[in-house]
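Chains as they are written, first to last, in this note's numbering: chain C, 1 to 262; chain L, 1 to 354.
Hints in this document: simulated from the structure, not taken from any laboratory. As the structure is a prediction and not an experimental result, all values here were calculated from the model. Hints may be right or wrong, so weigh each one.
[Claimed, not checked] If we take Cβ atoms under 8 Å as the criterion, some of the chain C residues that face chain L in the derived model are:
#1 D151
#2 L154
#3 G156
[Said to hold, decoys possible] Every beta carbon over 10 Å from chain C, so not counted as near; a handful from chain L, in silico:
#4 N85
#5 M89
#6 P100
#7 R189
#8 P285
#9 A294
[To be verified] Listed next, the stretches of chain C that the computed footprint assigns to chain L, with coverage defined by at least 3 CB atoms under 8 Å from CB atoms of chain L:
#10 12–26
#11 158–172
Here a beta-carbon is modelled for each residue, glycine too, at the ideal position from N, C-alpha and C.
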Amino acid sequence: MRHSSGFRAFRAIGLLVFAAYFFIPLLAMFDFSTQVRGSAEGRTWDNWAFMVTDEDLRSSIVASLLLAVFTVVLMVVLLVPTMVWVRLRVPRARALIEFLCLLPLTIPALVIVVGITNVYSWVTYLLGDSALVLTFAYVVLVLPYSYRAIDASLSGIDAATLSEAARSLGAGWFTVIVRIIMPNITGGILGAAFIAVALVLGEYVFASLLHFDTLPVAMAALYKSNGPAAMAAALASMILVAVLLVGLTFLSRDRHKQGASS
Amino acid sequence: MTDVSTRSGTERGLAVELSDLTRVYGAVKALDGLTLHLAPGELVALLGPSGCGKTTALRILAGLDQPTSGSVSVGGKDLTKVPANKRDMGMVFQAYSLFPHMTVIDNVAFGLKLRGSDGSSRRTRAGDMLDLVGLGQHADRYAHQLSGGQQQRVALARALAIEPSVLLLDEPLSALDAKVRVQLRDEIRRVQLEVGTTTLFVTHDQEEALAVADRVGVMNAGRLEQLAPPAELYSAPATQFVGEFVGLSNRLPATVQGGTASVLGRDVPALDGSTSGSGVALVRPEALSVVADAAGPATVTTVQFLGPLSRVTCTLADGSDVVAQLASSDALRLTPGDAVRLEVEPSPVLVVAG
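Start from the sequences and build out the full structure, keeping to the hints where you can.
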């Protein structure tokens with residue numbers, strides 16, 4: 001479809017305005033994080049190197065990355081079989097499961113934290129005081145978003161017929177879920193995983209109030225003593241999430257080329 | 001139609017026995033004491049209107065649904081409580097059921113892989129099955145690259161690859177267009193005869209059922225009304241429902257006395273199960289002939305040309321319509337408005353209460 005030159009100009013200006021709105025703060029963060037302190041000229045990567053050289057910041061980054069991985073794994077392990085099972089075997093329970101999964105969205109994080117503080121004192125007592133125990137809370141936190149992504153994907157395939165076809169060929173339920181259903185909802189699972197990673201890398205309330213040193217908590221503390229280094233860490237985590245998003249887009253596209261619906 | 005006792009091909013099918021199956025969903029009785037026996041290697045079609053219980057019966061045989069009461073046995077072994085994945089049955093579904101993330105050959109080999117067959121023999125067997133359904137050259141394609149008919153042929157190959165004891169076909173042709181449906185219908189029958197697997201074919205299309213089955217079971221409201229070879233089902237319906245559901249029937253006034261029915265002034269044999277005294281005879285259009293007669297009691301209303309045959313609709317003196325099927329060469333001599341006389345062939349008819 002051909003557009004008039006006026007429309008094209010309007011579109012270009014619109015794109016420029018949006019690009020400026022999103023990228024100027026990022027460029028400002030990058031500028032701030034690479035400035036040499038004081039009145040000296042030039043650029044420095046010291047604040048970026050700080051993420052590796054500072055023991056506390058580095059361990060908080062590792063903790064957050066591990067938390068993201070564990071949250072994704074536990075979310076997939078819990079949610080995918082449950083959703084497939086409910087859809088195929090107990091469709092009447094679907095509304096209840098949806099309600100339960102969406103519930104965390106309606107309760108403020110602060111209220112959840114206050115509610116689970118006592119539970120977590122038992123969790124840390126039993127499993128140690130590693131930040132990784134936050135995995136359990138984070139799985140609950142990401143449920144509403146993950147549920148939506150996976151549910152949309154499941155709705156796009158005829159899960160009932162595919163599973164019945166697989167079962168008639170001799171597949172047990174584990175094989176049906178892992179080898180038939182999951183490969184066909186990869187897009188939804190990747191979407192859910194991406195949202196989970198983004199949420200975990202940015203989550204502050206739970207970690208701070210439960211006294212765990214994750215990346216957002218460490219960044220907030222660092223910001224008071226070393227603003228540019230905190231800025232570098234914040235920008236790095238945003239870049240990581242953006243890279244994940246791009247990766248997800250390409251993975252989904254490749255799967256569509258292969259013929260898998262997602 | 002093929003006679004079960006003289007069917008050629010490898011007879012490796014097993015006998016199937018559905019005994020007094022009942023399936024209740026809440027207040028609905030989907031199956032009401034269904035008993036059905038399939039001989040080894042036989043193809044039985046279950047035919048009936050939507051909601052008659054035919055798919056429920058097939059799903060219970062497949063293990064995808066559980067009966068409320070009754071039993072299922074295959075080859076003398078009770079499978080009622082055996083889960084679907086342990087039943088050794090191949091199934092082709094109404095909806096396209098190929099696994100979208102696998103190629104055609106991987107789809108066909110899937111069941112073999114689950115049975116621990118090694119890579120090369122698996123591929124060879126899957127390739128043979130694809131050749132059997134004429135799709136050997138499409139082995140590396142994905143489901144979305146195939147037409148509906150091709151997808152159902154692959155599904156058939158996939159179901160047969162595991163050498164099932166029973167093949168179950170759940171309206172496999174209903175999503176296809178008319179021409180492909182006829183082609184695939186014939187192909188299913190050819191393949192079934194070749195491999196000799198006992199087959200239950202569920203369909204609501206009577207032409208399909210009559211064309212491929214050794215015997216056809218007509219179901220109504222969860223019950224089996226009649227199970228008979230296609231020709232017998234058509235020419236000697238056991239019940240009013242079968243007579244009216246299978247093929248076209250005219251309802252003509254009749255009187256039965258001593259096994260003979262008087263229809264349109266002619267005596268013809270009355271089938272077993274006919275009512276006695278006055279009733280309504282179910283007469284096939286091809287059992288009627290239309291004779292031009294200026295003093296005849298009927299009038300031609302329409303003449304419908306269908307190729308070699310034509311359908312002639314006549315209105316009787318009482319205002320009721322009767323349809324006769326004639327050779328087109330005879331029918332085209334008639335024109336709407338002609339006075340005619342209707343004659344009934346001396347073939348047996350079922351007379352039901354009016």
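Can you verify the interface hint for D151(C): is its Cβ closer than 8 Å to any Cβ in chain L?
18 Å, violated
Minimum C-beta separation from A294(L) to chain C exceeding 10 Å: can you confirm that?
62 Å, holds
With 10 Å as the threshold, tell me whether N85(L) passes as away from chain C on beta-carbon distances.
5 Å, violated
Closest CB-CB distance from P100(L) to chain C, is it above 10 Å?
5 Å, violated
Beyond 10 Å from every chain C Cβ - status for M89(L):
Nearest chain C Cβ is 6 Å from M89(L), so the label is violated.
Check on R189(L) being off the interface with chain C, judged by Cβ distance over 10 Å:
21 Å, holds
Are 3 or more residues of the stretch 158–172 of chain C near chain L, judged by a Cβ distance of less than 8 Å?
Result for this restraint: holds, n = 12.
Counting residues of the stretch 12–26 of chain C whose CB is closer than 8 Å to a CB in chain L, do you get three or more?
violated (count 0)
Interface exclusion of P285(L) relative to chain C, criterion Cβ beyond 10 Å:
39 Å, holds
The hint names L154(C) as touching chain L; please verify it with the least Cβ-Cβ distance against 8 Å.
Given a least distance of 13 Å, the restraint on L154(C) is violated.
Hold the hint about G156(C) up to the distance rule: shortest CB distance to chain L must be less than 8 Å.
With a closest approach of 10 Å, the G156(C) hint is violated.
Checked against the numbered hints given earlier, the structure breaks hints 1, 2, 3, 4, 5, 6, 10 and satisfies all the rest.
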